[in-house]
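Novice: First to last, the sequence lines map onto chains A and B.
The working numbering runs 596 ahead of the 1-based position in the first sequence.
The working numbering runs 26 ahead of the 1-based position in the second sequence.
By construction, these hints were calculated from the structure, which means they are not laboratory data.
Heads up, some of the hints might be wrong.
Said to hold, decoys possible - Below, computed lysine-lysine pairings styled on BS3-like, alpha-carbon distance capped at 30 Å:
| hint | chain 1 | residue 1 | chain 2 | residue 2 |
| --- | --- | --- | --- | --- |
| 1 | A | K652 | A | K743 |
| 2 | A | K652 | B | K60 |
| 3 | A | K668 | B | K87 |
| 4 | B | K87 | A | K743 |
| 5 | A | K668 | B | K164 |
| 6 | B | K86 | B | K111 |
Said to hold, decoys possible - One side of the interface only, derived from the structure: several residues of chain B facing chain A at Cβ under 10 Å:
| hint | residue |
| --- | --- |
| 7 | L40 |
| 8 | G41 |
| 9 | T44 |
| 10 | A48 |
| 11 | N108 |
| 12 | D112 |
| 13 | V168 |
Since we're looking at a predicted model, the values are computed, not measured.
All C-beta atoms, glycine included, are put in the ideal place defined by N, C-alpha and C.
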Amino acid sequence: MKGIVPLILIALVAMASILIAEGIFLNVFLGSRVTNEEAARELEVLTAVNKIEMVKRGLPHALHYSFLEAMKEAGYNSVENIKDSSEFVKSINSIFNEYRIASEENIGVKIPGGEISLDISGNQATLSFSSSGLLAYESDFVKVYDKPSFTIKIVGNSLFE
Amino acid sequence: MDLKGFAILTIAILGIITTFTAILAVVVPLLTLKYHLAIEIKNTYEYNNAELALLSLVSKKHNDESMYRVLSERGTNGFDENMQKDLKEKLQLLTYSKCFKLVSETETILEPENCEPVENVGEIYLFTPYNQYSLVEKITLVYK
Numbered sequence: 597m598k599g600i601v602p603l604i605l606i607a608l609v610a611m612a613s614i615l616i617a618e619g620i621f622l623n624v625f626l627g628s629r630v631t632n633e634e635a636a637r638e639l640e641v642l643t644a645v646n647k648i649e650m651v652k653r654g655l656p657h658a659l660h661y662s663f664l665e666a667m668k669e670a671g672y673n674s675v676e677n678i679k680d681s682s683e684f685v686k687s688i689n690s691i692f693n694e695y696r697i698a699s700e701e702n703i704g705v706k707i708p709g710g711e712i713s714l715d716i717s718g719n720q721a722t723l724s725f726s727s728s729g730l731l732a733y734e735s736d737f738v739k740v741y742d743k744p745s746f747t748i749k750i751v752g753n754s755l756f757e
Numbered sequence: 027m028d029l030k031g032f033a034i035l036t037i038a039i040l041g042i043i044t045t046f047t048a049i050l051a052v053v054v055p056l057l058t059l060k061y062h063l064a065i066e067i068k069n070t071y072e073y074n075n076a077e078l079a080l081l082s083l084v085s086k087k088h089n090d091e092s093m094y095r096v097l098s099e100r101g102t103n104g105f106d107e108n109m110q111k112d113l114k115e116k117l118q119l120l121t122y123s124k125c126f127k128l129v130s131e132t133e134t135i136l137e138p139e140n141c142e143p144v145e146n147v148g149e150i151y152l153f154t155p156y157n158q159y160s161l162v163e164k165i166t167l168v169y170k
């Protein structure tokens, strides 16, 4: 009977050790996991918003560059010389599509297809891009969307900012 | 000390060693993991800060022209000393640092002055004037 007492004591100490270790494990592991996951997701959201913002700020410039390239291809050297505006808009659209593809491939932001309209008055051109779709950045955790529509004014051949 | 007292003392010491080992075995790997995750999050946080500085930079103006155009059209319109000076001043304000460099994939846009910028790294992609080979340029900011 006396020989059992040390064994019971060992068993009790071992059980206490396991319980303490398990308590610490659950507390530290679960607590830190939740905190880290929260922080990681918040940062992922920030990254996504930055990417969308990057593209939004660049879109007017991309449209302006498309406009300038279309002028060059059509042989116009100023806004006043533009004659067949529907053909010209088609040309702008096709060049702008290349920028859309470049955005998706390089930045990961999808620019939806849309319509470009052109209004010319003297040496001033007003270009608008409108779409029913949304700018989109999607990753495993986050999906961020924004409206892509915007209007730019071109005076002479320069973007009016 | 009789045999009974010796046995109890041995059990107590063994118990302490077992407990200590069990706790260490669990806590040390967890703390290591947590340390690495914390560093990873800090790096991403700094990356976002540098990215925000770049986003603010491209919204600012140089004379009547946006910094976006200054940077994206520097290959076609040039990048004179006046533009470089203005760019440096704006970056100093945005990063609270005098030690930074700005590079593209092919060239150094701004060199650091007598220091080696590290820690904060961020990238911005700019649409560039039409070129059939490349329509987007990546610009990286590193500052201390």
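Novice: List in ascending order the numbers of the hints, as given earlier, that are violated by the structure.
Specialist: 2, 11, 12, 13
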